[in-house]
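**Student:** Residue numbers (the numbering used here), protein chains in the order written: chain A, 205 to 700; chain B, 277 to 498.
If you're looking for bench data, these hints aren't it; they were derived computationally from the structure.
This structure is a prediction, so every number in the text was calculated from the model and none was measured.
No residue lacks a Cβ here, since even glycine has one placed at the ideal position from N, Cα and C.
Possibly wrong hints are sitting among the right ones.
[Unchecked claim] When the alpha-carbon atoms are kept at most 16 Å apart in a straight line, the in silico EDC-like pairs for lysine to aspartate or glutamate are as follows:
1. Lys480(A) <-> Glu361(B)
2. Lys507(A) <-> Glu422(B)
3. Lys671(A) <-> Glu561(A)
4. Lys401(A) <-> Glu258(A)
5. Lys507(A) <-> Asp466(B)
6. Lys498(A) <-> Glu294(B)
7. Lys671(A) <-> Asp595(A)
8. Lys671(A) <-> Asp688(A)
9. Lys480(A) <-> Glu654(A)
10. Lys480(A) <-> Glu429(B)
11. Lys671(A) <-> Glu599(A)
12. Lys498(A) <-> Glu451(B)
13. Lys491(A) <-> Glu422(B)
14. Lys354(A) <-> Glu443(A)
15. Lys498(A) <-> Glu429(B)
16. Lys480(A) <-> Asp362(B)
17. Lys607(A) <-> Asp688(A)
18. Lys475(B) <-> Glu422(B)
19. Lys671(A) <-> Glu542(A)
20. Lys498(A) <-> Glu512(A)
21. Lys440(B) <-> Glu422(B)
22. Lys507(A) <-> Asp362(B)
23. Lys498(A) <-> Asp474(A)
24. Lys641(A) <-> Glu443(A)
25. Lys491(A) <-> Glu524(A)
26. Lys671(A) <-> Asp653(A)
27. Lys480(A) <-> Glu443(A)
28. Lys480(A) <-> Glu647(A)
29. Lys491(A) <-> Glu443(A)
30. Lys354(A) <-> Glu258(A)
31. Lys310(B) <-> Asp590(A)
32. Lys498(A) <-> Asp526(A)
33. Lys354(A) <-> Asp270(A)
34. Lys475(B) <-> Glu441(B)
35. Lys507(A) <-> Glu297(B)
36. Lys440(B) <-> Asp455(B)
[Said to hold, decoys possible] Restraint-style ranges between C-beta atoms, simulated for each label pair:
37. Pro331(B) <-> Ile518(A): 47 to 57 Å
38. Phe458(B) <-> Asp639(A): 42 to 52 Å
39. Leu627(A) <-> Phe458(B): 52 to 62 Å
40. Arg428(A) <-> Arg394(B): 36 to 46 Å
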Amino acid sequence: MPGMKKNTGSDREHAGSVREKFSLSLRSRIAFYYTIATAVLLALVFTLVFFTVERVVYSHFDDELDREVSEIIGAQKPGTFDIRHFALSDDDHRGDHENDHENRKRHKTEVENDDDEEFLQLVGSEGKIIARSANLAGNTLTFQSGRQDKSYRLAAAGRLAVRQLQVPLTGTDGRIAGYLLAAVPVRDAVTILGDLKQVLLVSYPAIILTLFILTRLIAGRSIRPVEEVIAAAEKITRENLDSRIPLPRNHDELRRLALTINSLLERLQDAFQREKQFTSDASHELKTPIASLKGTLEVLVRKPREREHYEERILFCLKELDRMTRLIDQLLMLARYESSGMTARMEPLDLSLHIREAIGRMHSGAGRKNIPISFDGPQSCMVSADPAMLDMIFENILSNALKYSPPDSTVTVILSGSSGSLLCTFADNGIGIPDEKLSRIFERFYRVDESRSSGTGGSGLGLAIVKKLADLQHITVSVKSRRDSGTTVELRFPGT
Amino acid sequence: MRILVVEDEPGIARFLREGLEEEYFAVDLAFDGKSGLDMALLNEYDLLIVDWMIPGISGIEVCRQVRKAGIDVPLIFLTAKDALEDIVFGLDAGASDYIRKPFAFEELLARIRVQLRRNNPAGDQLTAGRLSVNPATHQVFCGTGEIMLTPKEFSLLEYLVRNKEKVCTRSRIIEHVWDMHFDSDTSVIDVYINFLRKKLDHAGCGNIIQTIRGVGYIIRES
């Protein structure tokens, strides 16, 4: 037995490890999803940061270029605006013609040393370079032809990266006479932006990886109580259904999970208990008459006997067989109603008449105790019900009432209420049913008398049948009882 | 041998009594746990047959109470329960054996013989000197010659032989050979002893039953 248990345990573990191969564990999955979400978010943030920084840096240059260009344009002599006489500088010493070799040499050194310096270039409307500042030292600023508006862009002057502004110049006739190109070197800014990009690109995977590992660790820690619940639940089998999962200390979801599993176990245990009880009761009810028959007949044939003796025992056996037949009929009826979804054949009938007839049959029944059954209700009362089922319900309830009543008492049947809600009450002054057993009396084979004594002739199926038949006709059955003072069965008929 | 049957099902109780009495047992019946327990504690039985599910006190409780009172009488449970745990539970409660309903009467008799054999390692055959008694077949032999006895005579002889070398008081003989409906007029024992002695004498096993004056009777080997 213990060996068997161990085997099933390792089988389960084996199945678990196979499943793990095909799917991530919960902790890895949590870490994975979390990391993906963070990775997307972080990528967005990094991109945003990079482009914001880039824009801030370039707008700084652009402002500077703007200022420079407007100063140059503002410095032109009013009324003498001509592309040929356009002064490339707001102060004369810096402006120069392209063939001024002295200045070019001087400015060449400046190009290399002075980063704050602006480069200027004047371009004709056809793209021909008219003039350029000496510090360009033979390099030209790239001209974008066809652009009518003011435009900023990154460009190169020789080997130097520059931020460049191109402004169209409008002549006196209102046509574009040429373009003014201004540029500043952006070497530092490019380096800084490059560095920033590198830092972001390198740190990105590092952050993501660290995050994944950390999340997996944290997830593992936070689902450890789940593992404990699983381990506890795995130990619970059919044999120890009474054990429960220990509740975690924190009042959280896991505690709720444990509570839920525990209440599920409670219900399971209940169901198992009921099933066991049912099997045990059914076996008692079926085997007792067989044992009685078998034993009686065996003893009977052991020795030759008088004729009267044989007759008496055979009659007894026939009675036992009747009892068994009745029991099997009841069982089969219950099984049939339960399995095949049999429906009631509802038809309008006089409830009052049916009750009176049922009482009449009870009174004329042979071998009954002499207990009067009184009826109080209207002469006629129409309901919709299945007559055969109704008769069976009345017979079962009345025979129960008679069975458990003392000899000098009465059984009372009262029919009251209007056609909307009819109430039929069967009251006896019998032994009653203890409160704690009241809830189970509709279970098949359940008997208040735990010894299942056959003295009263019951098998515990009567009320189960009543309940089943009543349910099929939408009649509500309820039972009230006080110990030693009697039981009341109420049938509430649905409104028509 | 006197047996108490505690069983609430009248049909079963009746055939048990009838069948066992035909097997020369003295049988008392109890129909509920309370009276069954009282009788088991009050009288000295050679065997108890107890149904598990009986009104009042359950069969298990009867068994426990009997054992608690220090009575080491063989007890056979009789029940429709057949789940493994029920059997184990019943035997652990102190039952000597267990028989499931429905059962064959012959099997019950065999199980009763097993229980009564407990103190008699030789098996079913009881002997005293040349006398041998077989409780299973109800046959008595003196040497090779069979002696025909009535059921009561047989039960009396069986009891004396089972308790050979021990003095059997009149009251104990009454307890074990006659059932509770017998009013304790012990002089009936003397009558049966006389019948027995005559039949034994006739067969050649005379004087095996000795009278202990004012106390009872004894069977000695020699």
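**Student:** Now look at each hint and say whether the structure bears it out.
**Tutor:** A quick look at each hint next to the structure:
Distance check on the hinted pair: Lys480(A) and Glu361(B) sit about 11 Å apart at the alpha-carbon level, within 16 Å; holds. With a C-alpha separation of about 21 Å, the suggested pair Lys507(A) and Glu422(B) falls outside the 16 Å cut-off, and the hint is violated. Between Lys671(A) and Glu561(A) the CA atoms are separated by roughly 21 Å; this puts the pair beyond 16 Å, and the hint is violated. Of the supplied pair hints, the one linking Lys401(A) and Glu258(A) holds, its CA atoms being roughly 10 Å apart against a limit of 16 Å.
Our distance criterion of 16 Å between C-alpha atoms is broken by Lys507(A) and Asp466(B), whose separation comes to about 30 Å. Restraint check for Lys498(A) and Glu294(B): the C-alpha separation of about 14 Å stays at or below 16 Å, so the hint holds. The straight-line distance between the Cα atoms of Lys671(A) and Asp595(A) is roughly 13 Å, inside the 16 Å bound, and the hint therefore holds. For the suggested pair Lys671(A) and Asp688(A), the alpha carbons sit about 24 Å apart, so the restraint of at most 16 Å is broken.
For a cut-off of 16 Å, the pair hint linking Lys480(A) to Glu654(A) stands: about 15 Å separates their Cα positions. Simply put, Lys480(A) and Glu429(B) have alpha-carbon atoms about 49 Å apart, too far for the 16 Å limit, and the pair is violated. The straight-line distance between the Cα atoms of Lys671(A) and Glu599(A) is roughly 13 Å, inside the 16 Å bound, and the hint therefore holds. For the hint linking Lys498(A) to Glu451(B), the alpha-carbon distance of about 30 Å lies beyond 16 Å, and the restraint is violated.
A hinted pair counts as satisfied when its Cα atoms are at most 16 Å apart, and Lys491(A) with Glu422(B) does not qualify at roughly 42 Å. The hinted pair formed by Lys354(A) and Glu443(A) fails the criterion: a straight-line CA distance of about 88 Å is larger than 16 Å. Note on Lys498(A) and Glu429(B): the hinted pairing is violated, with a Cα-Cα distance of about 30 Å set against a maximum of 16 Å. Only pairs whose Cα atoms come within 16 Å are accepted, and Lys480(A) paired with Asp362(B) is accepted, the gap being roughly 11 Å.
Restraint check for Lys607(A) and Asp688(A): satisfied, since their Cα atoms lie roughly 14 Å apart, inside the 16 Å limit. For the given pair, Lys475(B) sits about 10 Å from Glu422(B) by alpha-carbon distance, which is consistent with the 16 Å threshold. Between Lys671(A) and Glu542(A) the alpha-carbon distance is near 12 Å, which keeps this suggested pair within the 16 Å criterion. Taken as a hint, the Lys498(A) and Glu512(A) pair is broken in the structure, with Cα atoms around 19 Å apart against an allowance of 16 Å.
A threshold of 16 Å between alpha carbons decides the hint, and for Lys440(B) with Glu422(B) the separation of about 20 Å lies outside it, so the pair is violated. Proximity of Lys507(A) to Asp362(B) is assessed by CA-CA distance (about 35 Å); at most 16 Å being required, the pair is judged violated. Between Lys498(A) and Asp474(A) the alpha-carbon distance is near 35 Å, which puts this suggested pair outside the 16 Å criterion. Taking the CA atoms of Lys641(A) and Glu443(A), the gap is about 26 Å. The hint is violated against a cut of 16 Å.
The hinted pair formed by Lys491(A) and Glu524(A) meets the criterion: a straight-line CA distance of about 11 Å does not exceed 16 Å. Restraint check for Lys671(A) and Asp653(A): not satisfied, since their Cα atoms lie roughly 20 Å apart, outside the 16 Å limit. As the CA atoms of Lys480(A) and Glu443(A) are separated by approximately 13 Å, the hinted pair is consistent with the 16 Å bound. Between the alpha carbons of Lys480(A) and Glu647(A) the distance comes to roughly 13 Å, so the proposed pair stays at or under 16 Å and holds.
Using a Cα cut-off of 16 Å, the hinted pair Lys491(A) and Glu443(A) is violated, with the two alpha carbons roughly 26 Å apart. With a CA separation close to 20 Å, the supplied pair Lys354(A) and Glu258(A) exceeds the 16 Å bound. Of the pairs offered as hints, the one joining Lys310(B) and Asp590(A) is violated, with about 46 Å between alpha carbons and a cut-off of 16 Å exceeded. For the given pair, Lys498(A) sits about 15 Å from Asp526(A) by alpha-carbon distance, which is consistent with the 16 Å threshold.
Between the alpha carbons of Lys354(A) and Asp270(A) the distance comes to roughly 10 Å, so the proposed pair stays at or under 16 Å and holds. Under the criterion of a C-alpha separation no larger than 16 Å, the hint pairing Lys475(B) with Glu441(B) is inconsistent with the structure, at around 21 Å. Straight-line distance between C-alpha atoms of Lys507(A) and Glu297(B) comes to about 12 Å, which keeps the hinted pair within the 16 Å bound. Between the alpha carbons of Lys440(B) and Asp455(B) the distance comes to roughly 22 Å, so the proposed pair goes past 16 Å and is violated.
Distance hint check for Pro331(B) and Ile518(A): the Cβ-Cβ separation is about 28 Å, which falls outside the suggested range of 47 to 57 Å. For Phe458(B) paired with Asp639(A), a C-beta distance near 46 Å keeps the hint of 42 to 52 Å intact. Judged by the Cβ atoms, the range 52 to 62 Å given for Leu627(A) and Phe458(B) holds: they are separated by roughly 59 Å. Here the CB-CB span from Arg428(A) to Arg394(B) is close to 59 Å, at odds with the stated 36 to 46 Å.
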